[in-house]
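**Q** Residues per chain, in single letters:
Number of protein chains: 2
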Amino acid sequence: MSGARSSSAISPATLQALTARFGSQLSTSPAVRRNHASVEGFHADLPPDAVLMARSTADVADAVTICAAGGAPVIAYGAGSSLEGHVLAVQGGLTVDLSEMNAVLEVNTQDMDARVQAGVTRKQLNAHLRDQGLFFPVDPGADATLGGMVSTGASGTTTIRYGGMRANVLGLTVVLPSGEVITTGGRVRKSSAGYDLTALFTGAEGTLGVVTEVQVRLHGIPEETAAAVCAFSTLKGAVDAVIYAVQYGVPMARMELLDALSMRAVNAYSRTAYAEEPTLFLEFHGSATGVKEQAETFAGIAKEHGGGAFDWSTAQEDRDRLWEARHKAYFAALALAPGKVSITTDVCVPVSRLAECIVETQADIEASGLVGPILGHVGDGNFHAILMIDPQDPGEIARGKAVAGRIVERALALGGTCTGEHGVGVGKKAYLLAEQGTAVPLMALIKQAIDPTGLMNPGKIFDAG
Amino acid sequence: MSGARSSSAISPATLQALTARFGSQLSTSPAVRRNHASVEGFHADLPPDAVLMARSTADVADAVTICAAGGAPVIAYGAGSSLEGHVLAVQGGLTVDLSEMNAVLEVNTQDMDARVQAGVTRKQLNAHLRDQGLFFPVDPGADATLGGMVSTGASGTTTIRYGGMRANVLGLTVVLPSGEVITTGGRVRKSSAGYDLTALFTGAEGTLGVVTEVQVRLHGIPEETAAAVCAFSTLKGAVDAVIYAVQYGVPMARMELLDALSMRAVNAYSRTAYAEEPTLFLEFHGSATGVKEQAETFAGIAKEHGGGAFDWSTAQEDRDRLWEARHKAYFAALALAPGKVSITTDVCVPVSRLAECIVETQADIEASGLVGPILGHVGDGNFHAILMIDPQDPGEIARGKAVAGRIVERALALGGTCTGEHGVGVGKKAYLLAEQGTAVPLMALIKQAIDPTGLMNPGKIFDAG
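Protein chains in written order, with my numbering: chain W, 1 to 465; chain H, 1 to 465.
By construction, these hints were calculated from the structure, which means they are not laboratory data.
Everything numeric in this text was worked out from a predicted model, so none of it was measured.
Please note that the accuracy of each hint is not assured.
Where chains are identical, the list cannot tell them apart; a pair therefore holds if satisfied intra-copy or between any two copies.
Straight-line distance between alpha carbons at most 20 Å, and here's what the computed EDC-like set of lysine to aspartate or glutamate pairs gives [said to hold, decoys possible]:
hint : residue 1 : residue 2
1    : Lys236    : Asp393
2    : Lys292    : Glu224
3    : Lys401    : Asp390
4    : Lys236    : Glu293
5    : Lys429    : Asp320
6    : Lys429    : Asp311
7    : Lys340    : Glu409
8    : Lys292    : Glu223
9    : Lys340    : Asp390
10   : Lys328    : Glu224
11   : Lys340    : Glu396
12   : Lys429    : Glu317
Input sequences plus hints: build the corresponding full structure.
**A** Next up, the structure:
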């Protein structure tokens, strides 16, 4: 889909100032611009007017200063893996690509923290850390940049045990809309020194400034890791096993639920032979004794809730195969319907309501005639329906949007949120109002105070005015 | 000490409006007012002009609305256990006491969450939860209210394992400076629905609004709990044992360090007979097997670092005795110097620098001639020096303040913070500027946007203008 605008949001004088400062780091080539607006999921292409490959915080500060003077919007770009159109240049402007700011600046092994430039990806960081017995736990699936993960408040498969970005970011360097550079937080594990600006920028989707450096918490690679797959006769049984295990205090590291259709997609895509039933993908971290105890405890719980064969393995190749299949589940889902695109939902509900929310959603999808596998981070109550639609078929588009809307309404009625981890972006602004109605005016007040001209990633989270 | 002002900050018309609305819930009695300005630690008494015993969010909203119309400051009050003078009426005004808003509104056992009024204390909540196998983990020592713990961003002895308030608050009800009531967050475990206002109000010290309800995460009471005490020949040995245990992945639930002088104070106050050496108080949570493994692993690590006898016990009475001694350590310290008052410091440094920071601080205190035991949450790098001073001796006051200032400077030079968990309050405003210099103007901008007339707990965190 194309949503090209007819005129540039960057004035000739601003473009000239940017070119003078950045030379070949700046591009206005249609291919480069288009490449920065090609996003996952169901969103129109909205390319920026120019793209800057930033190499330093000073580059970003100068670019923001020039754009502020010229009234040009600024959109921060990391890996482009957002599912909510965060990098779309809704009002045109300058996209600041931080992917070349990919230096690991500092690792403190005793303190288990690191400072990285915003363009470092999570896989790059973990490769860097491996020899030091440390890892960064937040895993949204995609190999996102740390700056992008901060800005969407990302989480993922390990959040049940290690928390998401909010729990693992200690401090930030941010370029404010004025071009001023601030640092928030620090290296310490905890602080009550004034307002928690680190938390404010985490999940702000680039609407309050551009994150250029991130101080993160690290964790020790566990002595032992085991992975397991367990199919259940009912979806409710799988969810109940998870609830019971958490209450019982089993310190699960990963608990992922895939519905029967997702398992069919995984088998077809990854050439695996899993049972095509509601299935949990699990991981256990701890000492050798601890992991064995956790796995055996969970096996007992699973059996009581209709779980089938429970095989667990500590072998690296078994674990890699399992998690590769899980991480490719999104692409496996897309492959169920070649030529179609996806609307990916992201609701999160209290876990006691999760089974009913998913079962009702499955029935709704089936009644709509769409293909829509469901998978999720079941320990957190967060799941995704991947609704496949033909972008050329207005009727199917309308049906897909209607199902997605009902999923949100269902989640909100159950005490949930419209977005557990993907953010609001361009597509969930109305849902945010429905969910956080009394709080949105305060969010808008903060936005107005920090970015009075509304040039930072406009059109995301809420509409101006 | 007294800092009484000569005139009231509440106009006669405002007082009349408050009296008409609240009747006997409102008091202007000198004893009640003084009682709400009698704070822990070294701060002048600054009583409010009136005190409201609030019974509902509507009460708070109406009080804030009336005060906003009349230009009167509003100070929220919970248990009064703040150590940084948060409840002092620096500019007079109305203190809103929330201690009678002490209903546990909802407990969801499957979801392990609860909603409470802001005046519920942590001990009250845990007594309420005990039969359900759940507990609320944040333990700052004092039996603070949940609303107060939100507002100072409290943490404490269990933060190393369960996180502090930031990790355990899911949502809030807040009365804004306009009198408007908003809800933030929700019941879900995670969300990326807009700016994280819950995090913004956590640690805002009542300067952005009054928290009236708190949604908290709960945790399962572990199958087994063991406590242990271990003395070390050197303070560095104790700290190194902790660093090694964390890196090794021992999931410690509590790790408290008391220096030799603190142990002497504890023995004298609690009639215990611990070795008067640098000592770790420890707690292990898990399965029976897991706790045994953790305790044995830690015993081995302690031995390698100069640890002495390592006795651990799962008996409730042994654990209670141990933690009661630890929790009374502040009062034990005060009892070292009867008639004196304390300046309690609260720095936090990267744990790799903790031993040098404490050892240099001990030497500094000794050189100053003051009595100042040191204890802390060693796993987080956070420690407190309790500097005893004679409030009638200007020279001792000056020496105490100078030592406290040097402790902060030392911590900042080591990459630390001036306050790990007590907040900024009235006493650390200059230190906040030294530590978070580039970020403070943005904090002030947010304060100005949300509370333009500066009536919410004035004189805390930063000075107006």
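**Q** Against this structure, judge whether each hint is valid.
**A** Right, here's what the structure says about each hint:
no.	hint	in the structure
1	Lys236 x Asp393	neither (34 Å within a copy, 69 Å between copies)
2	Lys292 x Glu224	both (9 Å within a copy, 18 Å between copies)
3	Lys401 x Asp390	within (12 Å within a copy, 70 Å between copies)
4	Lys236 x Glu293	neither (24 Å within a copy, 34 Å between copies)
5	Lys429 x Asp320	neither (37 Å within a copy, 51 Å between copies)
6	Lys429 x Asp311	neither (43 Å within a copy, 57 Å between copies)
7	Lys340 x Glu409	neither (25 Å within a copy, 60 Å between copies)
8	Lys292 x Glu223	both (12 Å within a copy, 17 Å between copies)
9	Lys340 x Asp390	within (5 Å within a copy, 77 Å between copies)
10	Lys328 x Glu224	neither (24 Å within a copy, 39 Å between copies)
11	Lys340 x Glu396	within (10 Å within a copy, 77 Å between copies)
12	Lys429 x Glu317	neither (42 Å within a copy, 54 Å between copies)
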